[in-house]
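Numbering (this note's numbering), first residue to last: 1 to 260.
Don't take every hint at face value.
DSS-like cross-link-like pairs, simulated, lysine-lysine; straight-line CA separation at most 25 Å [claimed, not checked]:
# : residue 1 : residue 2
1 : Lys98     : Lys128
2 : Lys98     : Lys252
3 : Lys128    : Lys204
Hint data in this document are derived by calculation from the structure and do not stem from the laboratory. All values reported here derive from a predicted model rather than from experimental measurement.
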Amino acid sequence: MLRTLLSPRVMGLHVLTIGVLIAFILLGRWQLGVFQDSGKPRAAADPTPVAVATLAPVGAQMDGEAVGRRVTAEGVYEADRQLLVADRRADVDAPGGKASHDAGFWVLTPLRLDDGTLVPVVRGWVAKGDDPAVSAVPQGRVAVAGRLRPQQGTDSVQRRAEGLPAGQVQTVSTGELINLWTGQKVRTGYVVAQPPSGSLTQVKVAPPEVGGTLTWRNLAYAANWWIFAGFAVFMWFHFVRDAVRTDRDRAKSPEMALEG
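Could you build the full structure based on these sequences and the hints that come with them?
Right, here's the structure in full:
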């Protein structure tokens, strides 16, 4: 049997089968990768900026399709209502609260629009201990461009046990801002200014994304390649078995002739 398995014709079959197996397995993995990538979120179309008032309502929830949209706003910053969002990094998606303890602050300033409503604007990020002049509020009428974000839940971060000083908040929550900016009409969500105001560090914010659609066809292709690989092993087994049987029969034939 060993002589048959190591014979040139069967060795060629071994090499061919191994090559086919490697190729089919790799092709299956490639199709599986295509299937997995198809379900990943991808960047959506980035429409032309629109006025923030068209996407951020007063007293209502923001439409999900508005999240991450580029918006513009014109008005006057109200410096006396400025707040610092504590324990934050210069990235909207970075965890806040204890996870970023003493990392720095988002500088949150309300912009009063021409209709009298307030739009919370994250003008930028400042490290803890930086010169307070860095976060100085621009005077007069300003034009702001940025990306719109939904309000954050007050329980979305792990808060400090000792609480926060006056003038600081843990999240950008519309409900909390309404209580702090008493008597004002506050629009839902907030704008992350791009570019940032003055010498503040820009807060990174991603453009809108859409969920991918799984292409089940590619998963079927992957399964097909692996089935072909299994079939190749099946055929190899049968060819080798037949070769072994043939060689055994040939070896027995002279013995049977001598006995006769």
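Now for the hints, and whether the structure bears them out:
Between the alpha carbons of Lys98 and Lys128 the distance comes to roughly 15 Å, so the proposed pair stays at or under 25 Å and holds. A C-alpha spacing of about 82 Å is found between Lys98 and Lys252, which places the hinted pair above 25 Å, so the restraint is violated. Restraint check: the Cα-Cα separation between Lys128 and Lys204 comes to about 18 Å, which is no more than 25 Å; the hinted pair holds.
Violated hint for the displayed structure: number 2, the only one.
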